[in-house]
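Protein chains: 2
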Amino acid sequence: MVLLALNAGAAPAAPSSQYPNAADSDPVKLGWMVGSPPPADRILRFEDGSYFKFPAMRWSVAHFRELMPTVNISRGLQPAAPLPRALRDDIDGLEFKRLDTGETMRWRASLAANYTDGIVVLHKGRIVYERYAGALQPDGQHAAMSVTKSFIGTLAAMLVAEGKLNPERKVADYVPELAVSAFGSATVRQVMDMTTGIRFSEDYADPQAEVWAHAAAGNPLPKPKDFSGPRSYYEFLQTVQAQGQHGEAFGYRTANTDALGWIIARVSGQSVAQLLSNRIWSRLGAEQDAYMSVDATGTPFAGGGLNTGLRDLARFGEMVRNNGFFNGQQIIPAAAIADIRQGGKPADFAKAGYTLLPGWSYRNMWWITHNDHGAFAARGVHGQTLYIDPKAEMVIARYGSHPVAGNAANDPTSLPAFEALATHLMKDGN
Amino acid sequence: MVLLALNAGAAPAAPSSQYPNAADSDPVKLGWMVGSPPPADRILRFEDGSYFKFPAMRWSVAHFRELMPTVNISRGLQPAAPLPRALRDDIDGLEFKRLDTGETMRWRASLAANYTDGIVVLHKGRIVYERYAGALQPDGQHAAMSVTKSFIGTLAAMLVAEGKLNPERKVADYVPELAVSAFGSATVRQVMDMTTGIRFSEDYADPQAEVWAHAAAGNPLPKPKDFSGPRSYYEFLQTVQAQGQHGEAFGYRTANTDALGWIIARVSGQSVAQLLSNRIWSRLGAEQDAYMSVDATGTPFAGGGLNTGLRDLARFGEMVRNNGFFNGQQIIPAAAIADIRQGGKPADFAKAGYTLLPGWSYRNMWWITHNDHGAFAARGVHGQTLYIDPKAEMVIARYGSHPVAGNAANDPTSLPAFEALATHLMKDGN
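Protein chains in written order, with full-length UniProt numbering: chain A, 1 to 430; chain B, 1 to 430.
With the rest of the complex left out, here is chain A (with noise of 0.2 Å):
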C-alpha cells in the first residue's frame, strides 16, 4: 500500500521508544538493498510494503523512484542559483526546551531525536548548518511527503493571483466530473484551506478509512483481478462523500489536496509536475530534478508524492520568504505569498484539535503559526518540514524517517528548537 499521506499532525501510533534509535537505525548500516543481489531479507519491494516498515523505510524516503514509476520535475538546464556559504559553528549547542517535557535538549541531540535525514538553515539567504544522515546526501532526493501539499496550494494560490483560477467558484465549475462528489458544491478556497465538509478518514488503524481506497486507487501496480474499487486518483475524487458542511472548520483530508491537483491541471492545461516545472523549478535556480510518484493514469499525487534535493526545498523556502522573488526573478506573484502569510481562521483550525498547534490556522495548504515572528511551514509526515520565519530570515529545509508517522511525535523537540535557533539568530544583528 502507498503510505505517502498519512496526517502531518495526527497523534503518534505509539510512543518512539518502542523503536530503535537513530543510530540503530540508519539505512546505510543496514544495508537496504546493497550488493549484487541483495541478501533477500534485504530487499525491498512495494508491492508488499516492505518498503514502508521502519526501519526499511529509512532508506525507501531517499529512494522511491527504485520502487515506482515517477515523472520528472526537470529543473531546466539553467545553471543553479548559488546558495552561499557562512556555516556557523554556534548551532550544535543551542538549548531549548522539549515541548513534551519540558526538559532541556540541545540542537545536535534534537537531530537524531527527530530521525533527521537533512537539514539546510539558511539565513538572510546563506547556508549557516547542513547536516546529512540516514540514506540522504547532497544529491540525492528525498521523499517529501505532505510538504508535496504546499506545492500545490502555491502553485494554486498563483493562479488566483494572476486571475486564472477563482476561489469563490464551485470546484464543479473546474471539474464538472466531481459535480457527483462532495467536492462538487465546495469552493475552490474550501478546498484550499481544507474546509470542505468530506468523509475522508486517515485513521490508518480503520480497515474502512477512506485512505486506503484513496492509496488503492492510486497504486500505480496492476489492480488484481477482482478488483472493482476506483482505479485512479481522480476517479477516487469522485466517490468522496459528503460529511458536515462546507467552509465550517479545518479537517486534514488528503483528498482535498487531490482534487485541487485537478482542479489546477484543468485550470492551466499541464499536470501539476508540468507546472511545478514550468513556473518554479526551471526558474529557481533548482541545482537538481524532482520528481513526482504517479498513477496508473500518470497523474502525480499532488497530495504526498513530491521528492526533492534538500538544498532545492530550502531554495524554494527562500523564494518563498522573499515574497516570491528568487533567483533574479519574481517566481510567484507577491500576492500569493502574501495570502499564504496571513493565514486562515485559528478558530476553524481549533476545531481539528492540535493540542501541540495552539492558535495556528491553515491556508493555501500550509500551516500558519501566527507567533510574533509570523512563521509559517509545509509539513509531512515523518518530519518533513520547510519551516520559514519572516521576522528571523531564517529558513529550515528538513527532511526526516521518524518511525512515527505524526508530526505530533517530533513537534515536541522540533518547534522549540526551530524557535529558539529563530531568536539565536536575530541576536547576531549581520
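Check the hints yourself; a few may be wrong.
Stated by the list, open to error - Cross-link-like lysine to aspartate or glutamate pairs, in silico, EDC-like; alpha carbons within 16 Å at most:
1) Lys223/A <-> Glu47/B
2) Lys124/A <-> Glu393/A
3) Lys225/A <-> Asp372/B
4) Lys223/B <-> Asp48/A
5) Lys351/B <-> Glu235/B
6) Lys225/A <-> Glu235/B
7) Lys225/B <-> Asp48/A
8) Lys225/B <-> Glu47/A
9) Lys391/A <-> Asp372/A
10) Lys351/B <-> Asp339/B
11) Lys223/B <-> Glu235/B
To be clear, the hints were calculated from the coordinates, so they are not data collected in a lab. Nothing here was measured: the structure is a model prediction, and the numbers come from that model.
Once you have looked at the hints, place chain B on chain A.
Showing chain B alone in chain A's frame:
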C-alpha cells in the same frame, strides 16, 4: 513485457511502409498521456504492453520512468560542461546514397525517414547541428536501448585498464553463482566481446526464445502467483545454457551485457548505475541526470535500461572521441578507449551475418566499422546510436523511435548519411 533489448542489428520484421510515417505518428500530435485524465484510448500502461506498441512507443521512449521504477544516475552538483555551438545551415541539404535502393536522399529527409527524435552532431567538440522531434526535448531524457551496452562495456574496459578486472579470467572467478551457467566457463573477454557460446535467442517471433524468460525475470512488476521462472536478471543469468563453443564467433546476445554488469558490480562493489554516476556521469559535466530501469531486486538493466539527455549522450561520445579526456580531466583511461577502437575480429563478426555491416567487428560492447576513418558506434534498437568518427573529429548522437526494432531498417538511410557528413565536415579544414 519489457522489450528494451531487441537485437540491435537484426533484420526488420516487417517493411517500414506498413507503419504511419513520422509526421502521422508524431506522439505530441497523438496526445498520449495528455489530459486530466487522458482519454481512455490515450492512456499507456507498462503492464499490458500498450506502452511499447507503435506509434505509442514514440511517446514511451521519452517517458520510461513514468511507467516503471528507475534508479537515478546523478550528474553531481557541479556546472555542466559547455558544448560550444557553431551551428551550420549546410547540413540539411547534404546528399547521400541510400544503402538499400541506391537512391539519392537529403540529410533532412533522412531524419523523418528514420523517425529521429533528436540528433546532435559535434564537430571538433562544437555543436554544428541539433534537431528535436517526437516526444524529446533538449531537457528530456530518452531511452538509449542497447546503446546502454556500450556504456557497460566502457566501464568494464576502464576496470581492465586500471588492473581491477582481468579479462582472461573466467567469469565464475568473479561471480561464483554463474558457475552453474554457460557463462561460468567463459572468459570475461568473451563476455565483453559477445563471443560466448550461450543459448539466448532474441527472436521475438519465437515464444520459446530465451529473451522472453529474460524479460519476465527482469520485469519489475509483481510476479504472477503461479510464476515459476527466474525472478531477477541475476537469477535468469544462472539458467543460461551452453550452445556452441566460447570464443569462436560473435553473437549479439543481451544476456552477455547483464552478465558483464554483474561482474562489474562484484569487482567495483557498486551497481553499474552507481559506478556510471561516480566514474563518468558526475565527471562528464552532464547537464542532466540519467537513469536506468531496474528489476524487482533493484538491479539496473545493463543490457538496455539507460535513459539520458541527448546532449549528454553527445558529451559521452566526445569524451570517448578524445580518448577519455573531457571537461578538463581524464575520465576513462586512454588505454581503455584504445582497446575499444582497435576493435574485435572481423572474421568472428562476419559469422553473425550482418549484411549491412561488412568488415565490422564488436569489441567491449561497441560496434567497430573498420572503415578508413576508424569510425565506431554504440547502437540500440529503433535507431538509437552514438556514432564516432575520429578522423572527421565528428560525434553524432541520435535517439529515435523507428517502428522497426532492428537497425537494419534504418541503417540504409543512416550510415551513408553519417559517412557523407563526415566527409563534408572534413572539407572545410576549419
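Results for each hint:
1. The straight-line distance between the Cα atoms of Lys223/A and Glu47/B is roughly 10 Å, inside the 16 Å bound, and the hint therefore holds.
2. As the CA atoms of Lys124/A and Glu393/A are separated by approximately 5 Å, the hinted pair is consistent with the 16 Å bound.
3. About 59 Å separates the Cα atoms of Lys225/A and Asp372/B, which puts this hinted pair outside 16 Å; it is violated.
4. A hinted pair counts as satisfied when its Cα atoms are at most 16 Å apart, and Lys223/B with Asp48/A qualifies at roughly 12 Å.
5. With a CA separation close to 30 Å, the supplied pair Lys351/B and Glu235/B exceeds the 16 Å bound.
6. Only pairs whose Cα atoms come within 16 Å are accepted, and Lys225/A paired with Glu235/B is rejected, the gap being roughly 28 Å.
7. Taking the CA atoms of Lys225/B and Asp48/A, the gap is near 13 Å; set against the 16 Å cutoff, the hint holds.
8. About 13 Å separates the Cα atoms of Lys225/B and Glu47/A, which keeps this hinted pair within 16 Å; it holds.
9. Between the alpha carbons of Lys391/A and Asp372/A the distance comes to roughly 8 Å, so the proposed pair stays at or under 16 Å and holds.
10. About 22 Å separates the Cα atoms of Lys351/B and Asp339/B, which puts this hinted pair outside 16 Å; it is violated.
11. Pair hint Lys223/B plus Glu235/B holds up; C-alpha atoms about 14 Å apart against a cutoff of 16 Å.
Checked against the numbered hints given earlier, this structure breaks hints 3, 5, 6 and 10; the rest are met.
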